[in-house]
Structures are given as structure tokens and as C-alpha cells.
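One line per chain: the protein sequences are L and Y, in this order. Heads up: the first sequence begins at 5 in this note's numbering, then just goes up one per residue. Heads up: the second sequence begins at 5 in this note's numbering, then just goes up one per residue.
Check each hint, because a few of them may be wrong.
It does not matter which identical chain is used: a pair holds within one copy or between any two.
Capping the alpha-carbon separation at 25 Å, the derived lysine-lysine pairs in PhoX-like fashion look like this [as the list claims (entries may be wrong)]:
| hint | residue 1 | residue 2 |
| --- | --- | --- |
| 1 | LYS12 | LYS163 |
| 2 | LYS163 | LYS7 |
| 3 | LYS55 | LYS87 |
| 4 | LYS87 | LYS19 |
| 5 | LYS87 | LYS76 |
None of these hints come from the bench; they were simulated from the model.
Read off the chains here:
There are 2 protein chains.
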Amino acid sequence: MNKFAPPKRLQGIEKSVIRQMLDRARPGSINLGLGEPDLPTPDVIRRAAVKAIVEEQNGYTTHSGLLSLREKIAAEYPYLENKPDQVVITAGSQEALYLALLALVEEGDEVLLPNPAFVAYPTIVQMAGGTSTFYRLPRENGFAFDVDEFRRALSPRTKVIVCISPSNPTGRVLSRDDLVSIGDALRDHGAYLISDEIYRDLYYTPERPGSLSSFYDRTIVIGGLSKSMSMTGWRLGWLCGDEAVVQAALVLHGYVTTCASTVSQKASLVAWSEEAEQARSGFRETFRARRDHLLSLIDSELALKAAAPEGAFYTMLDVSAYGPSMKVAVALLDQGVITVPGVGFGSEAEGFLRVSFCAEQDTLSEGVRRIKNGLQDLQDFSR
Amino acid sequence: MNKFAPPKRLQGIEKSVIRQMLDRARPGSINLGLGEPDLPTPDVIRRAAVKAIVEEQNGYTTHSGLLSLREKIAAEYPYLENKPDQVVITAGSQEALYLALLALVEEGDEVLLPNPAFVAYPTIVQMAGGTSTFYRLPRENGFAFDVDEFRRALSPRTKVIVCISPSNPTGRVLSRDDLVSIGDALRDHGAYLISDEIYRDLYYTPERPGSLSSFYDRTIVIGGLSKSMSMTGWRLGWLCGDEAVVQAALVLHGYVTTCASTVSQKASLVAWSEEAEQARSGFRETFRARRDHLLSLIDSELALKAAAPEGAFYTMLDVSAYGPSMKVAVALLDQGVITVPGVGFGSEAEGFLRVSFCAEQDTLSEGVRRIKNGLQDLQDFSR
Numbered sequence: 005m006n007k008f009a010p011p012k013r014l015q016g017i018e019k020s021v022i023r024q025m026l027d028r029a030r031p032g033s034i035n036l037g038l039g040e041p042d043l044p045t046p047d048v049i050r051r052a053a054v055k056a057i058v059e060e061q062n063g064y065t066t067h068s069g070l071l072s073l074r075e076k077i078a079a080e081y082p083y084l085e086n087k088p089d090q091v092v093i094t095a096g097s098q099e100a101l102y103l104a105l106l107a108l109v110e111e112g113d114e115v116l117l118p119n120p121a122f123v124a125y126p127t128i129v130q131m132a133g134g135t136s137t138f139y140r141l142p143r144e145n146g147f148a149f150d151v152d153e154f155r156r157a158l159s160p161r162t163k164v165i166v167c168i169s170p171s172n173p174t175g176r177v178l179s180r181d182d183l184v185s186i187g188d189a190l191r192d193h194g195a196y197l198i199s200d201e202i203y204r205d206l207y208y209t210p211e212r213p214g215s216l217s218s219f220y221d222r223t224i225v226i227g228g229l230s231k232s233m234s235m236t237g238w239r240l241g242w243l244c245g246d247e248a249v250v251q252a253a254l255v256l257h258g259y260v261t262t263c264a265s266t267v268s269q270k271a272s273l274v275a276w277s278e279e280a281e282q283a284r285s286g287f288r289e290t291f292r293a294r295r296d297h298l299l300s301l302i303d304s305e306l307a308l309k310a311a312a313p314e315g316a317f318y319t320m321l322d323v324s325a326y327g328p329s330m331k332v333a334v335a336l337l338d339q340g341v342i343t344v345p346g347v348g349f350g351s352e353a354e355g356f357l358r359v360s361f362c363a364e365q366d367t368l369s370e371g372v373r374r375i376k377n378g379l380q381d382l383q384d385f386s387r
Numbered sequence: 005m006n007k008f009a010p011p012k013r014l015q016g017i018e019k020s021v022i023r024q025m026l027d028r029a030r031p032g033s034i035n036l037g038l039g040e041p042d043l044p045t046p047d048v049i050r051r052a053a054v055k056a057i058v059e060e061q062n063g064y065t066t067h068s069g070l071l072s073l074r075e076k077i078a079a080e081y082p083y084l085e086n087k088p089d090q091v092v093i094t095a096g097s098q099e100a101l102y103l104a105l106l107a108l109v110e111e112g113d114e115v116l117l118p119n120p121a122f123v124a125y126p127t128i129v130q131m132a133g134g135t136s137t138f139y140r141l142p143r144e145n146g147f148a149f150d151v152d153e154f155r156r157a158l159s160p161r162t163k164v165i166v167c168i169s170p171s172n173p174t175g176r177v178l179s180r181d182d183l184v185s186i187g188d189a190l191r192d193h194g195a196y197l198i199s200d201e202i203y204r205d206l207y208y209t210p211e212r213p214g215s216l217s218s219f220y221d222r223t224i225v226i227g228g229l230s231k232s233m234s235m236t237g238w239r240l241g242w243l244c245g246d247e248a249v250v251q252a253a254l255v256l257h258g259y260v261t262t263c264a265s266t267v268s269q270k271a272s273l274v275a276w277s278e279e280a281e282q283a284r285s286g287f288r289e290t291f292r293a294r295r296d297h298l299l300s301l302i303d304s305e306l307a308l309k310a311a312a313p314e315g316a317f318y319t320m321l322d323v324s325a326y327g328p329s330m331k332v333a334v335a336l337l338d339q340g341v342i343t344v345p346g347v348g349f350g351s352e353a354e355g356f357l358r359v360s361f362c363a364e365q366d367t368l369s370e371g372v373r374r375i376k377n378g379l380q381d382l383q384d385f386s387r
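Given these sequences and hints, build the entire structure.
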């Protein structure tokens, strides 16, 4: 009997650094490693879900999802011209990302990813048989987008590019100028662009961040309600964009999950209501206050640098003075505080920790106190 | 600009024959083509879902799913010895099937499938880069399992085998002798077996059909609540079995969907309660009565042969006297009744239609009346 060996597409794929940290954390730890909002799902969503469960039978929807929901999503993106056929509802934005990459990437294709970036990107590229290359978001510039780095990394072999704004892990947002630059850089090239906009409604800039889909035609948008409506466990996401690509993704989707949860789809229909809009805006205010609180503590208590997040709920804390990010993160685990070492997101984030603010202000204060103790220990030890 | 061409894994994959039929159906058609129970999801499940939504926050579960739910599932399969680590909860049994095949099949591997079989099998094998071969379930024997055909088709190159019982599309159930024969045939071979048991609780045999996992170690079971609890839209399935394979599938699952809907997972915890058991048993009785009604009409009204289903909710109607199954199914569409041409399930089912009994008895009667008219037309035309 042969021993089981996974196929090439799954070989060498290990637990993400985030999960490794969670696994090693001791009980009672403060979790600043998480990417999940702690705020309750708005009542308006819950009521709609209960109504659907009590009053209706919830069978399969079409593979692409409820037309009424796809219409609402299509209306979010002017370039779709309200074409719901170019929207597929998925089991969370994770499935949307998986489908988009598997529909676009052929064995051997090059995919250009941000460095640092969400850990799933290079992993799924490997699963699709592709090769990852990277454009640098320079740490010395607070991980801001740099069009020269972007253009330099773009090669004739680049088949697909991934952008994310607001960014996981940096919290940075692509400005209007950045969006224009990206569109300009790609227009003659013709590569497909996957724009991960899962954090789009969690922003601290004066304006809601724009969608790359308005600046470049061959864009596939990844979106969802997990972060902005605190619906992570509901698994409701979408992809939309270029008709041919979306059709290929839809075929795959039918064989991967058939359709997203019908209960979650029906509940999501009210996510564009006034009550939901108020909840969304309240969430933003809560996260903004937490962000300000955390940044102020980082300055006053730790006297360290951190990128000021313009969106999402992460900041990148510069701990390079204390050693490699993995060593620092492990030392903090001993103090009962979970963070994610930057190295898990790419070489550019080495020397940083991703610290999330999905926790109440008191918890953030206690978390920073523990970080301070941990860094103190590292300093004493290295003397 | 290049035109978009999907990667090899998705090339040539077309709409399933089932979907083609649904797309061509005229309004007001009677749908005997569906694989979806029409009975309402039991109250006990709905109440549990409502409670979870109203009283709890529903964030991500671990990738593998709620431990309490995995414990209940593990207890279903004696060979798992109650090891919940060998269970992954998925977004419906469709995702479980996708994960199992992608975790097992390497580029170029041969996968042995039943003929006829569920249309998704060869399609996902192609997506995984594998090649499909087939073992015949002989039509002349009512599509019953034939161990000689099975052994003949098994080759040293066979890496994975798929069995399904009760079967979609035939409604046949593997007997205890069949299960023993399959285990015996595979024991020295060492291939992995995917046992699709999504219809296991919809049976009309005296005993609940056995699980192949009790007869062969290297079995990955595919299961779920969609059919037995009328929960198709809730997307709740699972895979379980061999530890190494399940771990590989779990890694993939994390990148494909993260986790199944938390609301659906919590609601499913009561699917092993006495009240749910009563609902399941009531569903079986309803489907058995419909089955008997349909078979009696096929005999009395159509004077045709059909395999008597021992499980699931499909029968295979022999229309070979009227021409190719596609031609017959299209002619019936004109009469306002949807069936699925057997050719969509494999060459062995050519000359048959899959007729499902997910409809009330009156609807079945009207459906058979329309089938009769359609067949009459075909006969008149061919004279």
C-alpha cells in the first residue's frame, strides 16, 4: 500500500502563520491577531434571516444566486451598467477569490501580487498551477502604493494582477491617483486585474474608497458582507466583472458549492437598506475610535512607529528594533497577546507585526500593556 | 488584447444536461427533472436556526466546523471510532465531493466512475487534471451493481474510485453483498474510494443502506443533510475518512470557503434529535408512497419498464423504443414535462429518462399524462 501523498497543487501548503499563532496561544490570551469584526450582526439582517427561515422554504437558488441580490450588487459598480448576469454570489469572498484565480490562471502563468499581502493569494496561485511574482509596497513609505515599483514588476508574462484596498494587512487605501495610475499601467498591457474590495466599506478616509473596476475594464471585483456587516459566519460574498471570466468562474462555482446559503442570500437583501447603512456607518465610527485609541497607545506607551490605517482594522507595528517578527510575535504569545508576524505576509513586512483592532478599547489597552512587557523582556534578554 | 480563454481545467465544460433541460422548459412545465426535495425543512431545524440567529453572534467556526457537529457525524461511521478530527463540514456535499477529488487526484491519474453516474463526477475529475474511466452498471440488469464489471474495469492505474448508494440517477442501493465485494476487490489494490452517501437516509429497503466505510479502510465518505432534511439551500455537507486525505482536503477547504455557514452548522446540531428522526422517517414514507404511485402509473399508463428505486427519488424510465433519450426528453419538453435524458449520465443510460418524484402525487399523475402524450406524438411522427 502506498502512503498518501497529496497532489502537487497541495504540496508544501502549510497552516497560515495566523493559524500557527492561534494554535500556540495560551488560554486567556488577548487576540489582536484576528481578522474578524467582534460587533454584532445588525438586527435588520437578523430579522430578515428569521423571516426567511420561518416563512419560506430555502432550496437551491440558481448557481449565480438570487437575481434581486445580484441586482443590488451590480448597482454598486457603475461599470457593470446594472448587469446582474456579471455577478456571482459566493460562499464568502474567500470562494470568490478562489474562483477568480482558478478561472484566470493557467498552469505556468505568472500572477503579480502585492508584498505584503493576504496570505491566501500566493497559496491559491500555487493551487491553480501558477507562479507568484510581487510588487513592493515599500515599508519605508508606510506600505503606500508605489507606481514605479508596480510598473517595474509588471512583465509581459504577467497574466493576472491582484490589488487589495483597503489592504489586509496594512490598512492602506489606494487613492484616486493610485487607481488612475494602475489603470494607466495596465491599459496597454491587457492583463486581468483582481481587485479585492472586501474591506471597502470600512474606511477612515473622507470619501469611500473607489473601486478599481471604474478605472480598468478587465477587472474582477471581489466583495462581500463579512467585514462591513459583521457577517463572517454567514458566508456571503461575490465576484463580478468581465463577462467571459465571470462565466468561467460561474461554471466552476456550480461544481464547487452549487450556490451560497439561501438563508444568507435572503438576509443580505436588506444590507442596502437605510437601517443597514446606519449600522455600517456606526461600525466605521467604532473602528475609527478604536484605531485612534490604539495608535495613541502605540505612540505613548510603546514609542514605536505604526502605519496609520485608512481602512480595514489592522495596523502594522514596527518592531524591527526587537528582532525578527516571528521571534517577537512568539515572545508576545508568552505574555498572553496574539499578533501576527509580518513575515507571514511577505518579505516587505518583516520587522513588523500586524495588530488588529477588532476588540474593545479596554482590551486594546491591556493588549498594548502586554506587548510592552513582551518587548521589555526581549530587550532585557538581548542585553 | 487577447480574448479570454479559460484555463485547460475548465475548457469544454458545458452546462449540465439537467440545466439545459431546465433552460429549454416552457412556463408551467411539470418538473420531474429536479434533484431537490419539495418537502419543508423540519420545524426543529428552523427553530434551532432562529435561536442561533437571535441569541448568538455567528462568526467563523474553525475551518473543519463546529466540534459538537463533527462529533455527531463521526458517530455515524463506526470505522471513524468517534474521531471528529477526521470530519470536515463543508458548504453542501457538492463542496465535499470537490475537495475529496482535488485532494486525491494528481494530474494524469485515472479515476474509475460508475456508468451511469452523477454528472459532476467526470467534470470535477477533469478539473483536477485526471482521466475518467468507467465501470458498467448494466442496464439489462436494472443498473444493479455487477462485481465482474467492477473488477474488469479496475486497473493498476486506477488511483481513485467513486461509488454512490443510493444512486443518482438509478435509485439502486448497494446490498451488503455488494459492499463486501467492493471491499474485497479493493483491499489488495489499495486505491482510495470515494463513497457518495448523500442519499443514504432516503431508502425504501428494509434496512438503512450500509456505509462503504465499514467495508474498506481507504474510504472517504461524502454526506450531508440536503436531501434527508430538505435543506438543499442551507449548504451543509461533510466528508470524513482516512486521516491524511481528510487533512489535505481540509487545507483546500480553508482556501475555498473558509468554513460552512455557521447558522447552518448550528441548526444542523439538532438533526440527530428524536424530532428530526421522526421528520426523516416521515419524509421516507412520503417518498415511498410517491414512488409506488409513479411506478404504478408507469406500468398502467405507459406500459413501460422502469427500475424500481430502492433509495433516493429517481427512477430510470426505459424509452428506448421511442428513439435517443435526448430526442425523447426534448419532445416531452414540448408537452410541458421536464425529465433528464439518460445520456447525460453516461452511455449505459442511453435510451432511458431520469424521472424524479420530488412532487406531489397529483403532479406526478399529470406529469405521466404529459409523458404519455409526448410519447404518443413521437410514435405517430415516426410512422
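Violating hint indices (sorted, rising) = Violated hint (a single one): 3; every other hint is consistent with the structure.
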